[in-house]
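Let chain A serve as the given structure and place chain B on it in line with the hints.
Chains as they are written, first to last, in the numbering used here: chain A, 1 to 575; chain B, 1 to 246.
Hints may be right or wrong, so weigh each one.
To be verified - Partner residues are not named here, just some residues of chain A that face chain B (Cβ under 7 Å, in silico): (1) I419; (2) R420; (3) I422; (4) T424; (5) W429; (6) R430; (7) K432; (8) Y445; (9) V447; (10) L451.
Source of the hints: derived by calculation from the structure; they are not laboratory data.
Cβ atoms here follow ideal geometry from the backbone N, Cα and C, with glycine treated the same way.
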Amino acid sequence: MKKQLIYRAISIVFMINISWSQVTVTASVDVNRISQNETVGFKIVAVNADGTPNVDISPILKNFKIVSGPAQQTNIQWVNGAMTSSRSLSWTLLTKVGGRINIPSLNVTIGKNVYRTNPIGIHVEKGAGRSQMANLFIEAKPDKEQAFPGEQVTVTYRLFTRVNLSIENIEYPKSVGFWNEDLRVAQTVRFRDTQIQGVGYKVATLYKAAMFPTQTGNLTIDPMTVICNVEKPKKRRPGGAFDDPFFNSMFRETQRQFIQSDSINIEVSSYPKTPPGDFSGAVGQFNIETWVDTPNVKVNEAITFKIKLSGTGNLNQFNLGDISFPQNMEVFPPTSSFKRDEFRDELTGVQNLEYILIPRSAGNFRLNPITLTYFDPTIESFVTARSKTAQIVVRPGDKNIIASTRFNREDVALIGEDIRYIRTGKPKWRQKGNQTIPIWVWSTYIVAIALFVFPGIFTKMKDNRMSTSDVRKSRGALKIAIKYLAKPAEDPFSHTASVLYSYFQSKLFLSSENLDPLSLEMNLSGKISTDLIAETVAISKLCDAGRFGPDAAESESTLQSQGAALLKKIDGELA
Amino acid sequence: MRKSLILMVFSTLIFGQSSDSLFSIGNRFYDAEQYTQAANIYERLSQQVDHEDLYLNLGNSYFRMGEIGHAVWAYEKGYALSPRDRDINYNLNFVRSQVRDRIQPPDDFFVVAFYRAILEKLTILDLLIMGGLFFAGLGGLFILRINGSIPEKMGGILNGILLVSVLVTGWIMLDKYWDVSDKQEGIVIASAVDVRSAPIARGENVVFRIHEGTKVDITTMQPGWYEVILLDGKKGWIPAEEVRTL
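So that you can see chain A by itself, here it is in the shape it has in the complex (with noise of 0.2 Å):
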């Protein structure tokens, strides 16, 4: 019970305290009624606060550029024995836009908690600004509003100004949907005097830029900003030990300003017409002028083809297209160099391409001309600009070298290494455990095997056919023989010997070669009577002697009778 009483005495008190301790936020400017090209003080300043206050700064950025910030700072006060601390952040802005606007209420987030900050109002005096601050204004001035997709706008900033002033910053203009080419950034600010409206002024310019617009539609170029450090007029002391114009000048007071320029607006329209399809952007007015330096080489020496492209207008943002060259005609990627005219504003320059080409056969070639389509802003139309073919006559080469370098062989490289893909096809299913051998390779053994035992059946029936042959022959040979001797002869004797013998030769399967009296004596002895051998030896002892013989003239008109009958008894007898 008395615990209890106790941590309600503690709690409380702790209320008490938190009570003490409640955090305040709240936002404030340093002045409420500026001129355009004023900046404005803008505080955020937390009371009691635990930890650093964030803030979320960006519903301001609309109407508002921060210049610098934050700035952070931390309050610790005792009061009669109190303490109040306060975190303070604070911003430099500049405004946009003229006229009544509000900051708004943000987003401060301290710890866990979130408070918001009271909305302010500051009234900006537009036009006022100008008249107000003659003494220092840029003037941005664009030489055309309207223009064409790539069509240069160029826009000169000057700075006009009546006091003395050192530029400490510039913040160089950004534009959505321009591209951008500077033409002069002041390195040293050079004023001349110049008067407006009788008053006389100090003029400088500062920049001056080639916008080209990308796209079509009202586009705005933003402001361009300066830091400056004006020279404050000086009060005169009077009488003053130092009031002397060295010490002035020595110990001069400045005063830290920022000057704005307008925005600018350029309405794009697009082309009057519609592009052509080789149109690839190029806006102005070009020339090409294509060349080769040697016309005439051999195959394997070097041509230097140049191209030329000069003019005004948006050079860089564009490219040439794709240029054929004949084929077996080598081709170097081209060196390019671009080359500006620097003395005018018009973006102008000389843009060179130089390829390097290499005749690898012999011939005439033809360089096709090259062309440039692009819109002339002047005439508001599409032109075509186009280079003169060019003729190269290639003579062949002292020797004939292989051209070799057009392509370097490479191995295919692998990517990732995987398994390779499934088979799909219907397979020709093998009953498991059923090994069978096709019966094509039995029989490779089978005709082998029969190869070997054929040879015995081969020669058995070579022999018997060619016997039965003999046969035949021997049969027919009395029969072929006597037609023979019926028929006359020129020679009687040889005529009738050659009968003989191959009715013999038949008859008895004798060779053919080596038949005489003798041998044929012997071969059809115990064949024949004697009687008849003898016979068959005296008429080939006849024949042979022929008709040189001794009985030569009474035998050649019956020899050939005598051995159809001869040959008739042996016939007989042999069979």
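Then chain B, alone, in the frame of chain A:
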């Protein structure tokens, strides 16, 4: 439980279907990246019929499932059926490269290595065909020589060459046959297996350790245990269920 259910469904589904349609169902599962189902079908099919394509597909399915051991097993089966099939060779080598154990077989004399390569790359059927052709050639030559339509000297040389070819082919064939019929090989399917000095599971008798996908020669089979020998000669006992025999 789920696996067995799927198997049951499939066994009823595929009962009585032809090998071709089963095979194409498996292929469709594979294409649908349902590798487990595809492998089930291929496994079923492989119990009835034999073909190298079947084992290639089975190996691919197992590889996709991450079962390196089974994948090697399937490719080895396909390789035995068709040792010169390029896809099987490629996949087998690819999967082998993912096997953890690197076993260096002893360097053979080049003649021995060549002989081994022949033995490996030719099936018994190939050898039978080769032998048959040599034999038939010898027979043809015999006829030509008897007939005298080939010069005596050339005939003699040819005869010698063919005779040697027939004998060598016959020898290789026999060797291959013995190899195939006697040798029992297996693939490790468990991710890591302790090889023991005896068929007893005891802590102190672990000799070495092999991993999934390694091929072993099985020298002795006991209930529940295989005695295995590695390519480099290491020997020991492993539980039978961790090896799938080829």
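Hint check:
1. At about 4 Å, the closest approach between the beta carbon of I419(A) and any beta carbon in chain B falls short of 7 Å, and the interface hint on this residue holds.
2. For R420(A), the interface hint holds, since its Cβ comes within 7 Å of a Cβ in chain B; the closest pair sits about 5 Å apart.
3. The beta carbon of I422(A) comes within 4 Å of a beta carbon in chain B, closer than 7 Å, and the hint placing it at the interface holds.
4. About 5 Å separates the beta-carbon of T424(A) from the nearest beta-carbon of chain B, less than 7 Å, and the hint is met.
5. Taking 7 Å as the C-beta cut-off, the interface hint given for W429(A) holds, the closest approach to chain B being about 4 Å.
6. Below 7 Å, beta-carbon pairs count as interface contacts, and R430(A) has one with chain B at about 5 Å; its hint therefore holds.
7. With a least beta-carbon distance of about 5 Å to chain B, the hint placing K432(A) at the interface is held under the 7 Å criterion.
8. A cut of 7 Å between beta carbons decides the hint on Y445(A): the least distance to chain B is about 5 Å, and the hint holds.
9. Taken as an interface hint, V447(A) checks out: its beta carbon lies about 5 Å from the nearest beta carbon of chain B, inside 7 Å.
10. Checking L451(A) against chain B: minimum C-beta separation of about 3 Å stays under 7 Å; hint holds.
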